[in-house]
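Chain V: place on chain Y using the hints.
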Amino acid sequence: ETGVTQSPTHLIKTRGQQVTLRCSSQSGHNTVSWYQQALGQGPQFIFQYYREEENGRGNFPPRFSGLQFPNYSSELNVNALELDDSALYLCASSLEGGTQETQYFGPGTRLLVL
Amino acid sequence: QQQVKQSPQSLIVQKGGISIINCAYENTAFDYFPWYQQFPGKGPALLIAIRPDVSEKKEGRFTISFNKSAKQFSLHIMDSQPGDSATYFCAAGSSNTGKLIFGQGTTLQVKP
Numbered sequence: 003e004t005g006v007t008q009s010p011t012h013l014i015k016t017r018g019q020q021v022t023l024r025c026s027s028q029s030g031h032n033t034v035s036w037y038q039q040a041l042g043q044g045p046q047f048i049f050q051y052y053r054e055e056e057n058g059r060g061n062f063p064p065r066f067s068g069l070q071f072p073n074y075s076s077e078l079n080v081n082a083l084e085l086d087d088s089a090l091y092l093c094a095s096s097l098e099g100g101t102q103e104t105q106y107f108g109p110g111t112r113l114l115v116l
Numbered sequence: 178q179q180q181v182k183q184s185p186q187s188l189i190v191q192k193g194g195i196s197i198i199n200c201a202y203e204n205t206a207f208d209y210f211p212w213y214q215q216f217p218g219k220g221p222a223l224l225i226a227i228r229p230d231v232s233e234k235k236e237g238r239f240t241i242s243f244n245k246s247a248k249q250f251s252l253h254i255m256d257s258q259p260g261d262s263a264t265y266f267c268a269a270g271s272s273n274t275g276k277l278i279f280g281q282g283t284t285l286q287v288k289p
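Just so you know, the protein sequences line up as chains Y and V, in that order.
Everything in the first sequence is counted per our numbering, starting at 3 for the first residue and increasing by one.
Everything in the second sequence is counted per our numbering, starting at 178 for the first residue and increasing by one.
In isolation and in its complexed conformation, chain Y is listed as follows (with noise of 0.2 Å):
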């Protein structure tokens, strides 16, 4: 059984570009999160996805999206970057979606926005 994987681990953009994290969920799972953690915070959810559709939203703007494609893969897209998106991103996954199975994390990708 494989872990939760995401790539690439670290990245470096300018204020302006946009940006597509991956991640693998963790075998046998359908659901996969997207949390955003800032230096020193905790995560901040951003969405879920559950068998290839939008399961909730955190606060964050439009130029936040996703996908999870049928493998229950998924990527994060980040449109327009701006300074405060410099942060970890984590993605965790999960059995089923909602909050009633474990979620688990992945290793996170460091993005740098410059």
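Just so you know, the hints here were simulated from the structure itself, not pulled from any lab data.
A few of these clues could be false.
Partial selection, computed: residues in chain V whose CB lies under 7 Å from chain Y [claimed, not checked]: (1) K182; (2) P217; (3) P221; (4) L223; (5) F279; (6) G280; (7) Q281.
Cβ coordinates follow ideal geometry from the N, Cα and C atoms, glycine included.
Chain V only, in chain Y's frame:
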């Protein structure tokens, strides 16, 4: 109403001591309360979780105490070890949404 407040921000404990971290929430719709441990450069890993139908849950050296009327819950780490040195996050979620609300985190240092 969506906040989860965690304290203390940092904690230093001697090896063998008890580490206690507290969290408080406001939203009574929350029905799932996990604790996560995070080491530098790693994603958070689930330690232990509780639902509001029980007041205490113990797994090895880790215990969650839950006070539904006070809307508070806490993590106790018994016999703390240097390997427990990490950042700990409490979180809260509700079964009808997909999101977890995290506290600000507590950095624990266990001195040998």
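To see whether the hints hold, each was checked on the structure:
1. A distance limit of 7 Å between C-beta atoms decides the matter here; for K182 of chain V the minimum to chain Y is near 11 Å, and the interface restraint is violated.
2. Restraint check, P217 of chain V versus chain Y: the minimum CB separation of about 11 Å is more than 7 Å; hint violated.
3. Interface hint at P221 of chain V: satisfied, since its Cβ lies 5 Å from the closest Cβ of chain Y, which is below the 7 Å cut-off.
4. The beta carbon of L223 of chain V comes within 6 Å of a beta carbon in chain Y, closer than 7 Å, and the hint placing it at the interface holds.
5. Interface hint at F279 of chain V: satisfied, since its Cβ lies 3 Å from the closest Cβ of chain Y, which is below the 7 Å cut-off.
6. Among the interface hints, the one on G280 of chain V holds; its C-beta lies about 5 Å from the nearest C-beta in chain Y, closer than the 7 Å criterion.
7. Evaluation of the Q281 of chain V hint against chain Y yields a held restraint, the C-beta minimum of about 5 Å falling below 7 Å.
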